[in-house]
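Number of protein chains: 2
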Amino acid sequence: MAKQLRYLEIAQTLKSKIKQGVFPQGQSLPSQKELSNIFNTSVMTIRGALAVLEEEGILTIVHGVGTFVAAPGIHTDSISLQGFQNEMDQQKMCIVNRILDVEHDIESTNIRRLFKDDNAAFSCLTRLRTIEEVPVILQRSYVHQKFRDVLVEYAAEKSLYQFFSRKTGIMVTQGREIMMPVVLKDDELKQLSLSGPCTAFLSKRISISLDDEVVLYDEAYLPGPYVIMASRKHGKNNMFKYIINKSGTLDSSESFNDPELWEDLI
Amino acid sequence: MAKQLRYLEIAQTLKSKIKQGVFPQGQSLPSQKELSNIFNTSVMTIRGALAVLEEEGILTIVHGVGTFVAAPGIHTDSISLQGFQNEMDQQKMCIVNRILDVEHDIESTNIRRLFKDDNAAFSCLTRLRTIEEVPVILQRSYVHQKFRDVLVEYAAEKSLYQFFSRKTGIMVTQGREIMMPVVLKDDELKQLSLSGPCTAFLSKRISISLDDEVVLYDEAYLPGPYVIMASRKHGKNNMFKYIINKSGTLDSSESFNDPELWEDLI
DNA sequence: CAGTGGTCTAGACCACACC
DNA sequence: GTGTGGTCTAGACCACTGT
Chain A
0 MAKQLRYLEI AQTLKSKIKQ GVFPQGQSLP SQKELSNIFN TSVMTIRGAL AVLEEEGILT
60 IVHGVGTFVA APGIHTDSIS LQGFQNEMDQ QKMCIVNRIL DVEHDIESTN IRRLFKDDNA
120 AFSCLTRLRT IEEVPVILQR SYVHQKFRDV LVEYAAEKSL YQFFSRKTGI MVTQGREIMM
180 PVVLKDDELK QLSLSGPCTA FLSKRISISL DDEVVLYDEA YLPGPYVIMA SRKHGKNNMF
240 KYIINKSGTL DSSESFNDPE LWEDLI
Chain B
0 MAKQLRYLEI AQTLKSKIKQ GVFPQGQSLP SQKELSNIFN TSVMTIRGAL AVLEEEGILT
60 IVHGVGTFVA APGIHTDSIS LQGFQNEMDQ QKMCIVNRIL DVEHDIESTN IRRLFKDDNA
120 AFSCLTRLRT IEEVPVILQR SYVHQKFRDV LVEYAAEKSL YQFFSRKTGI MVTQGREIMM
180 PVVLKDDELK QLSLSGPCTA FLSKRISISL DDEVVLYDEA YLPGPYVIMA SRKHGKNNMF
240 KYIINKSGTL DSSESFNDPE LWEDLI
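Line by line, the protein sequences are chains A and B. At position 7 of the first sequence the residue is numbered 6 (numbering that gives the first Met the number 0), and the sequence of numbers has no breaks. At position 47 of the second sequence the residue is numbered 46 (numbering that gives the first Met the number 0), and the sequence of numbers has no breaks.
Don't read these hints as lab results, they were simulated from the structure. The C-beta atom is built at its ideal place from N, Cα and C for all residues, glycine as well. A few of these clues could be false.
Unchecked claim - Simulated pairs of lysine to aspartate or glutamate, EDC-like, Cα-Cα distance not exceeding 16 Å: (1) Lys235/B to Glu54/A; (2) Lys166/A to Asp148/A; (3) Lys18/B to Glu212/B; (4) Lys235/B to Glu55/A; (5) Lys235/A to Glu54/B; (6) Lys189/A to Asp100/A; (7) Lys235/A to Glu55/B.
Said to hold, decoys possible - Which residues of chain B face chain A? A partial, calculated answer using Cβ under 7 Å: (8) Glu54; (9) Glu55; (10) Met178; (11) Ala229; (12) Ser230; (13) His233; (14) Gly234.
Let the hints inform the model, and build the full structure from the sequences given.
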C-alpha cells in the first residue's frame, strides 16, 4: 500500500461518497470548517482536496455560498458540443432542436468498440439544430440500449446532454473528440437545406461518466459557412469552442481583435 | 488604489522583474524559502504567487530542482502549432522544414489590423513541412518588419517559434487560433504534392508576447488525409492537438480507444 | 549529503452572499 | 449579522534531485 497524501486521501473518500450518492448532484457539501472537523485536519488540507475535485469537474465551489456537487447547468465550461447550448444561451441566440429520426437496435461493430461492449445494441437520435430558422448543425447521438427509454422520452428539449444527465443521474466529467474537414454529401446537404458544394467539420465525440463508462457517442456535421473553431491558449490554460455565425461570414482580422469573442475563453 | 492580495502583489512584482530581464529566460529564481525572506512572508504565500505565474506559463516549477523562467523547450504544453514540433519529436517522427519563399515589405491592411500597427510592413516566410518525405503542412508565417533580419537568418531549423524566441528574447505566453474547413485550391495542392480534390483545415493563428504584443501571425493548411484534430476535456482540463498520420487513414473507433493518443493530452 | 519544492498544522482574519 | 469560502502565518516535516 503506497503512502497516501492526506489531501488526496480525503479527495478519494469524498469522490466515492459522491459516486455512492451520499451527496447527490446539485446538493451542497458540509462547509470547509465542518469537513476539517470531520476529517480531523486543517482547513488548508480540506481546500487541497476540494481543489482536486473541482479541477476534475466533480465539484463547483462558490465563494460565500458553498461547495456543490457539479450538475450540468451549474458549471458552464463543460463538454464541447453541449457548450453550443450554453454558449448560444449566453449570446441570447435561440438554438432550436428538431428531431429527424430515432432508430433502435443498431448493431455496429465500430460503435460496440467505442462503448467497449461486444454484445450491445444501440439507439440513435438524429437532430437538426437551427438558429433563427437557419439549420446549422446536423447531429447523430448514440446511446446504449439500456438507455433506450430515456432517448425516446426526449422531446427536443434544449440539451440532450442535460436531459440525459438529469434522467439517469449519471455525471459526465470527461469528453474526447476528433475532428476532420469534409465535403458534405448530398443527403447531408439536403438535411441542412444547403445547396452546392460545401465544406464542414465532422466531429466525433464520446462522453465519459465518473465511472469511466462511455455513455454517449455523437457525430456532428458543422458546415463551414456557419461554424468555425476558435481556440485560445494562455499559459497552461487552454480553451476551444465552436463559433456559430448564422450570416455565414466571419473575417479573421476582425474576429481576432474582437474582445467579446476571446474574453470568455478564459 | 484597490487593495491587493499579498500573493497577487508578489506575483505582479516577480512578473515585472522578469519582463525587465532581472531573471532571464531559462534562469532559476531564488528558492521559495529565500523568497519568503525577501518578501517577508510565509512559504505558502510565495507558493500562491508562483502558482499564478506557472499557470500563466511564465514559470516552470520542478520538484527538488528549482523554479525557472519559462523558455521554449522547457515546458512542453505551449502554443498549438509549435506543438507539432514537440509532438513529433516525442513520437520520434522527424518533421523536416523546407523554405519555399521569403517575402518582404508586405503592406496588407488585414495584417496591419492584426498587429495593431497601421503603418507597419511585414515579412513572410512560406514553409512546407514534411514527415518522412510526405508533405503534410503548408504554412505562412508573418512577422513585423523590425524582425526582418531574424526571419532571414532562419535556416529551416526545427522550430521557427523557438528560433524566434531565442534570437529576440521575447517570451510568447498566449496564442489565439481560428480554424475552418476548406477545399484546397490548385496551387496549394501543387505545393503539397497532392492531386484531386482534397479537404483541409485552414488555421489562422496569432502569437502574443508577455507584453501583449502580437509577434507572429501564421496561416497553415493541414490537409485532411494526414491531419485530424483531437481534443480531450476532463473537468476543467482542456487540451487539443493536431494528430499527424502520414498514411492518411485514421479509424475513429480505434483512435478513441488508443490510450497512447489520449494519455498525454493530460 | 545538501538543497530544492510539496504537504500540513491550528488557528486568525478578510471577502463575499444572503437574509 | 451569520455563514460561506479565501487568504495568511511561522513554522515543522516529507519527498524529490543531484552531487
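So, going through the hints one by one against the coordinates:
no.	hint	verdict
1	Lys235/B to Glu54/A	5 Å, holds
2	Lys166/A to Asp148/A	10 Å, holds
3	Lys18/B to Glu212/B	13 Å, holds
4	Lys235/B to Glu55/A	6 Å, holds
5	Lys235/A to Glu54/B	5 Å, holds
6	Lys189/A to Asp100/A	15 Å, holds
7	Lys235/A to Glu55/B	6 Å, holds
8	Glu54	5 Å, holds
9	Glu55	4 Å, holds
10	Met178	4 Å, holds
11	Ala229	5 Å, holds
12	Ser230	5 Å, holds
13	His233	5 Å, holds
14	Gly234	3 Å, holds
Consistency with the previously given hints is maintained throughout, with no hint failing.
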